[in-house]
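J.: Given these sequences and hints, build the entire structure.
2 protein chains.
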Amino acid sequence: MCCAVCDGELRTAHRQRLKDEEGDLHGSGEYRCHKILVTLHQDQLKTTTTVAANRDFPEDRIWLNGKEDNINHPRLQSCLREIRRLARKRRSSGDDNISKILNYKVHICSVNNFPTAAGLASSAAGYACLVYSLARLYGVEGELSEIARQGSGSACRSMYGGFVQWIMGEREDGKDSLAQQVEPENHWPELRILILVASAEKKHVGSTAGMQTSVKTSPLLKHRAESVVPGRMEEMIEAIKKKDFEAFGQLTMKDSNQFHATCLDTYPPIFYLNQVSQRIIGLVHRYNAYYGTTKIAYSFDAGPNAVIFTLDPTVNEFVEIVKRSFPPESNGDPYLKGLAVSPVSLSQDLLSAVETDVFPGGVSYVIVTQPGPGPMESQDISVDLLGTDGFPNASG
Amino acid sequence: MCCAVCDGELRTAHRQRLKDEEGDLHGSGEYRCHKILVTLHQDQLKTTTTVAANRDFPEDRIWLNGKEDNINHPRLQSCLREIRRLARKRRSSGDDNISKILNYKVHICSVNNFPTAAGLASSAAGYACLVYSLARLYGVEGELSEIARQGSGSACRSMYGGFVQWIMGEREDGKDSLAQQVEPENHWPELRILILVASAEKKHVGSTAGMQTSVKTSPLLKHRAESVVPGRMEEMIEAIKKKDFEAFGQLTMKDSNQFHATCLDTYPPIFYLNQVSQRIIGLVHRYNAYYGTTKIAYSFDAGPNAVIFTLDPTVNEFVEIVKRSFPPESNGDPYLKGLAVSPVSLSQDLLSAVETDVFPGGVSYVIVTQPGPGPMESQDISVDLLGTDGFPNASG
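Residue numbers (UniProt numbering), protein chains in the order written: chain V, 1 to 396; chain A, 1 to 396.
A portion of the hints provided could be inaccurate.
Partial selection, computed: residues in chain V whose CB lies under 10 angstroms from chain A [what the hints assert, rightly or not]:
1) 227
2) 250
3) 269
4) 281
5) 285
These are computed hints drawn from the structure, not numbers from a lab. Here the structure is a predicted model, which is why all the values come from computation and not from measurement. Even for Gly, the Cβ is constructed at its ideal location relative to N, Cα and C.
T.: Below is the structure:
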C-alpha cells in the first residue's frame with residue numbers, strides 16, 4: 001500500500017487566542033498560527049509509504065529513507081494508537097480480515113524524493129502519507145486529518161489537495177491543529193510553483209522548537225498575530241478565489257518576510273534565510289520592478305529554500321534568470337526537475353535590470369511543479385517499498 | 001582647525017508620535033526614532049576636519065577622504081548657511097576678525113580613518129566634526145547640535161561624548177532631531193567596544209532611505225515604536241546608570257535584532273545583516289550560554305559590521321575567539337587596531353562550546369575602543385589637512 005503527498009506553503013501566519021474547553025485563555029503560548037498553504041503535485045515532490053501487516057512480524061517497525069528509525073517516537077505511537085482505535089471502533093460493522101490484521105504488527109517503509117528537514121515540510125508530508133496508508137490498511141474511511149495532526153501539527157493540512165487553510169495548534173501533540181480546503185488543486189491551472197533548493201543542510205532549528213521560542217520571546221509576534229494576519233488571511237483567500245496574482249504575490253511575500261522578521265525578533269534570534277535566500281529575494285523584486293507588476297512571488301518557510309509562485313507564461317524566463325544568477329556546478333545531477341522548461345533568450349534590458357553578481361552553486365537545483373491533490377493510493381505495484389518478505393526492498 | 005569625532009551605537013530605537021507646531025499629528029511618517037548611543041573614543045575611530053577661510057578663495061569647496069566633493073549638497077549648504085547666520089548674529093558683540101572671515105569663502109577638508117557608508121555612522125561623525133570646526137572658525141559657541149542635525153539627522157548626537165540619548169527626527173532637514181547626554185564618557189570605565197568590520201562594501205540602502213521605506217511599509221515598526229521601545233529606553237538608561245552589564249547587554253541585543261526585524265518587514269525587505277553578521281550573532285550567544293551570563297553583546301546598525309560591547313576582563317578572550325572563527329587573510333594589514341589586546345589560550349571546553357565552521361576573511365579587522373568624548377579641537381598642527389596654500393596636503 002502506498003501513498004504520495006507533499007506540500008509547499010504560501011504562508012499567511014496568524015496566531016489567534018485559543019480558548020480551552022473551560023473557556024479560559026491558555027498561558028503564555030496561547031497563539032495559533034493561521035496559514036494558507038498549497039499542496040504540491042506528487043508528480044514532482046512526493047513521499048511514498050508502504051505499510052504491511054503480517055502475523056509473523058514480532059513487532060512494529062519503521063524504515064525512513066532507507067534506514068530503520070525509532071518506532072517508539074511518541075508522535076508515531078500516537079498515530080498508530082489512534083488509527084487502530086478507530087479501526088477497532090468500526091470493526092463491529094464486521095470485516096473479519098480487518099479484525100485479523102488489527103492483531104498483527106506492522107512494518108512501515110517511507111521515502112521522500114526531496115531533502116528531509118530542510119524546510120520542505122517533510123514531516124507534514126510523511127505523517128499525512130503514513131496516516132493515509134494505515135487508514136487504507138485498516139479500512140478506516142472519512143476524516144483523517146485529525147489523526148494525521150497527532151503526528152505532525154502540520155500533517156493535517158497535507159491530507160488535502162489544492163489550497164488549504166490551516167490553523168496550526170500550540171500543543172506538542174498537534175491535537176489543536178485544524179485544516180480545511182479553500183479551493184481544489186485544479187482551481188488555478190496557470191499557477192506554477194518552483195522550489196529553489198538553496199541548501200540541503202539540516203536546518204539548525206526545527207520549525208516547532210523555533211515557533212515555541214518565538215511565542216515566548218518575540219514582542220512583535222503577538223502583534224503580528226493579533227493585528228496583521230487576520231486581515232491578510234481574508235485578503236489571501238479573496239486573491240486565491242479571484243486568481244488575482246498581483247494581490248496573491250504581494251501578500252505571500254510580505255507575509256513570508258514578516259514571519260522571518262519575528263524569527264529575528266526571537267531571543268536568541270533565529271535565521272532561516274541565508275545569503276542565497278537574500279539574493280533570491282533581491283532578484284525577485286528587481287524582476288517585478290522591471291515589469292512594473294508582480295510576476296513572481298517568493299515564500300520561505302523554516303529554511304533557506306525558496307518557494308517561488310508564478311504563472312505558466314513566466315516560468316521559462318524566470319528559470320533562465322535563476323540559472324544565470326546561480327549557475328549549476330557541474331556535478332552531473334540535473335539542475336531542473338519536474339515540469340518541462342524551455343530555454344529562452346533574455347533581452348539585454350532585462351538582464352541589466354535584474355542581474356548582479358553571479359553565485360555558482362548557490363541554488364543546487366530547481367523543482368518546477370504546480371498545485372496537486374492530497375494523498376492517493378497507488379495502483380502501481382512497482383512502487384511498493386516492502387518486498388514479499390515484509391522487509392524493505394532495494395527502493396525502500 | 002581640526003576636530004575628531006566618531007560614534008558607535010547601542011541602539012534602542014523608538015518612534016513616538018510627533019506633534020507639529022499647531023499641535024496636529026503629522027501624516028504617515030509621524031514616528032520618531034529614539035535611541036541610546038555611545039560615542040566612541042577618537043583615539044581609535046575618528047573623523048578629522050580642517051576648515052580654512054581666505055580672501056583669495058573664489059568659492060566654497062570641500063574634499064572628503066582625498067577627493068573633491070559637491071559643496072552644493074543641500075545638507076552641507078544648510079549647515080554652512082546656519083552657522084554663518086549664527087556667527088553674523090553674534091558679530092554685533094564685535095570681533096573684527098570674525099566679521100572679516102564671514103565674507104570669505106571656505107575650504108573644508110575631512111578624512112575618516114574608518115570605512116565610509118558601511119554602517120559606522122560616518123555621516124554623523126562627519127557633520128558633527130564639520131559643524132564643530134566651522135563653529136571654532138567663526139567663534140560660535142554654545143549649542144551646536146541644532147546645527148549639526150541639519151547636516152545629518154544623527155549628527156547632533158555626535159556632538160556629545162559618552163552615553164547619549166537621541167530622538168531622531170523624521171524630517172529630511174534633520175530639524176526635528178534631538179540629543180542629550182545620559183552619562184559622560186568616563187562613567188563606565190570598564191566598558192569596551194569592539195568593531196568587527198565584516199565588509200567595507202558600500203551598503204545597498206542608505207540608512208535614511210531605509211528608515212523612510214520602513215515607516216511607510218512595515219506594520220511591525222509602528223508597534224515596535226509605540227509599545228516596545230518606550231519601556232526598553234527606560235530600562236536601558238537605568239542599566240547604564242547602574243552599570244548593569246547583564247541588562248545592558250540583553251537590551252542591546254534584543255533591540256538590535258528588533259530593528260533588523262522591522263527592516264525585513266519593510267517592503268521590499270532590507271537586509272543589513274549578512275552571513276558574517278549572522279555568524280557573529282551565533283558566536284556571541286554560544287559564548288554567553290557557555291558562561292551562563294551575558295558577557296558579550298552585539299549591535300548592528302544599517303550595515304553588516306558588528307559593534308560588540310563587553311567589559312575589560314573579557315576582551316582578550318573574546319578577541320581570541322573572533323580571531324579563530326574569522327582568521328585574518330594575510331594581506332599585511334593589521335587585524336587588531338586600537339586598544340592593546342593580549343593573546344590568551346582558550347580552554348578546550350570553551351572552544352568546543354563556541355566554535356563552528358571557520359570563516360577565513362569574514363572579519364577584515366577588529367577595532368578595540370571605548371566610550372569617548374565629543375568633538376575636540378586639536379592643538380597638534382601636524383594633523384591639519386589643508387596646507388598653507390589652503391589646498392589639501394598629502395594627508396588630506
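J.: For every hint, state whether the structure bears it out.
T.: Hints, one by one, checked against the model:
At its closest, the beta carbon of residue 227 of chain V sits 7 angstroms from a beta carbon of chain A; the interface hint therefore holds under the 10 angstroms criterion. A least Cβ separation of about 8 angstroms between residue 250 of chain V and chain A falls short of the 10 angstroms threshold, and the interface hint therefore holds. Because the beta carbon of residue 269 of chain V sits about 5 angstroms from the nearest beta carbon in chain A, less than 10 angstroms, this interface hint is met. About 6 angstroms separates the beta-carbon of residue 281 of chain V from the nearest beta-carbon of chain A, less than 10 angstroms, and the hint is met.
Checking residue 285 of chain V against chain A: minimum C-beta separation of about 4 angstroms stays under 10 angstroms; hint holds.
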